[in-house]
Each structure stands twice: as structure tokens, then as C-alpha cells.
Amino acid sequence: AQKITQTQPGMFVQEKEAVTLDCTYDTSDPSYGLFWYKQPSSGEMIFLIYQGSYDQQNATEGRYSLNFQKARKSANLVISASQLGDSAMYFCAMREGTDNDMRFGAGTRLTVKP
Amino acid sequence: EPEVTQTPSHQVTQMGQEVILRCVPISNHLYFYWYRQILGQKVEFLVSFYNNEISEKSEIFDDQFSVERPDGSNFTLKIRSTKLEDSAMYFCASSLLAGEGPEGIQYFGAGTRLSVL
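Chains as they are written, first to last, in the numbering used here: chain E, 1 to 114; chain V, 115 to 231.
Since the hints were derived computationally from the structure, they do not count as laboratory data. Values in this document were obtained by computation on a predicted structure and should not be read as measured data. We treat Cβ as the ideally placed atom computed from N, Cα and C, and that holds for glycine. Misleading hints may appear alongside valid ones.
Claimed, not checked - Below, simulated SDA-like cross-link-like pairs (lysine to any residue); rule was C-alpha separation at most 25 Å, straight line: (1) Lys-156(V) / Gly-215(V); (2) Lys-156(V) / Pro-114(E); (3) Lys-156(V) / Gln-57(E); (4) Lys-73(E) / Thr-5(E); (5) Lys-3(E) / Gly-130(V).
What the hints assert, rightly or not - Quick look at which bits of chain E chain V covers, simulated, 3 or more residues with Cβ under 8 Å: (6) 35-44; (7) 89-96; (8) 103-114.
Take these sequences, add in the hints, and give me the full structure.
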């Protein structure tokens, strides 16, 4: 069963604007972690931000924030003040408390336009 | 800043040959992982490793795959007899601990692109 769903294969945003990348997840485990990774065209996977299932507040890391809506099982990534260097694939991932593996979504390709 | 390093960045091999992909995890991390990403597809979990043994593996990780920590720093993935469909980017990752908490954040290397001809 699909555990992580990213419904936007591609997104465009104007430089300096904010953009939201969607992610929904499915789990019956009360303990889980949600992660976002960035994959530029060079191929590496860069960790961006983490949200725990028990965290009361939305996670923030610089220009990245996570809009965590637990009841809706969504963990959208918000990038503020987009920069050209933000153009990349973005993957949402989840790790459930009982598992060692991390499940990834299909990714969203973000293009920042000058 | 500590990072996961992988070598080589690109490996070309003939079908049926053995390949070893190498990784140096972050030095104080205890859990190590291999993932693969076939071109244009999602990232897939292969195996996790802790305390010198496999802790979890996916159905992709069949008998042609093996992992090893031959010394205190390296972590390797061996593919015994490569097939065309093994062509992919292989990522090594490490985390301080397991679990869903922040100590379980997995940091990835830059990947090894494996091309099987």
C-alpha cells in the first residue's frame, strides 16, 4: 500500500515567492517521523527538515517549514522566499516507530523561475 | 560538518560481474542503510545494518546482495552477479540511532551511479 503520496509531479514558483509542496501519508502507528529531502540535479539527497508525530509545533529550519496537520495526515513543505538554487526534486519520507526503513514519496520537481 | 561519503561516484560494469559499492558513514552513527533509486523513480529501501548485522531488509535485497562492515569505518554493498535491472543510483545513509525521533534522521551520501551494460 502506498504510504507516502506526493500528488504534484512538478511545480513552478517565481523567485522570491513562497511555495508549498504537498505530502500525505498513511500509517496506523502512533509513533512516526516525517522527513523532507532535496535532490538537486547533481543527484545527492540532502536532508531538509524533520517532524515527529508527537511534536506540537510545526518544524522550521531557516526558509523551510513543515505544515503538519496530523488529523489530515499531511506534512506539506513550505519554502519561503524561493531562490534559483531551490530548483530540485523534493521527496517526502516517513519512518514508522517499529521500522528501520524509510518510505519515500514519488517526489515533486520544483522549478524556480527568475 | 560530518558527512557520508560514497565511492565511486560512478561505476560501470558488465552484466554478470560483481561490484562493491563503498560508503563511509558519519563516524558516531550506529545505523547504516542502503537505498536505491532507479532513474526517474522513487527511492527504495534495501537494507539496514546495526551492530554488525542486518536489522531489516526489503524484498529487493535478495541473495545476490550482501553488506559488510569490514573495519571501523567502511560499510559496503556487494552485488554478486549484476543484472541490467540493477542499474540505478545507490545511496548509503547513516543515522545516530533508529526510530522515528530526530536521532533517527538519516543522512545520505552523494550516491554511486551504477551502470550495468
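State whether the coverage of the segment 89-96 of chain E by chain V holds or is violated, taking the criterion as 3 or more residues with Cβ-Cβ distances under 8 Å.
holds (count 4)
Satisfaction of hint between Gly-130(V) and Lys-3(E), Cα-Cα up to 25 Å:
violated, 34 Å
Sort out whether Gln-57(E) lies within 25 Å of Lys-156(V), counting only the CA atoms.
violated, 29 Å
Straight-line alpha-carbon gap Lys-156(V) to Gly-215(V), limit 25 Å
holds, 23 Å
Lys-156(V) paired with Pro-114(E) [C-alpha distance capped at 25 Å]
violated, 28 Å
Between the segment 35-44 of chain E and chain V, see if three or more residues pass the 8 Å beta-carbon test, and mark the coverage as holds or violated.
holds (count 5)
Report holds or violated for chain V covering the segment 103-114 of chain E, Cβ cut-off 8 Å, minimum 3 residues.
holds (count 5)
Pair hint outcome, Lys-73(E) versus Thr-5(E) [Cα-Cα no greater than 25 Å]:
holds, 10 Å
The earlier numbered hints that this structure contradicts are 2, 3, 5.
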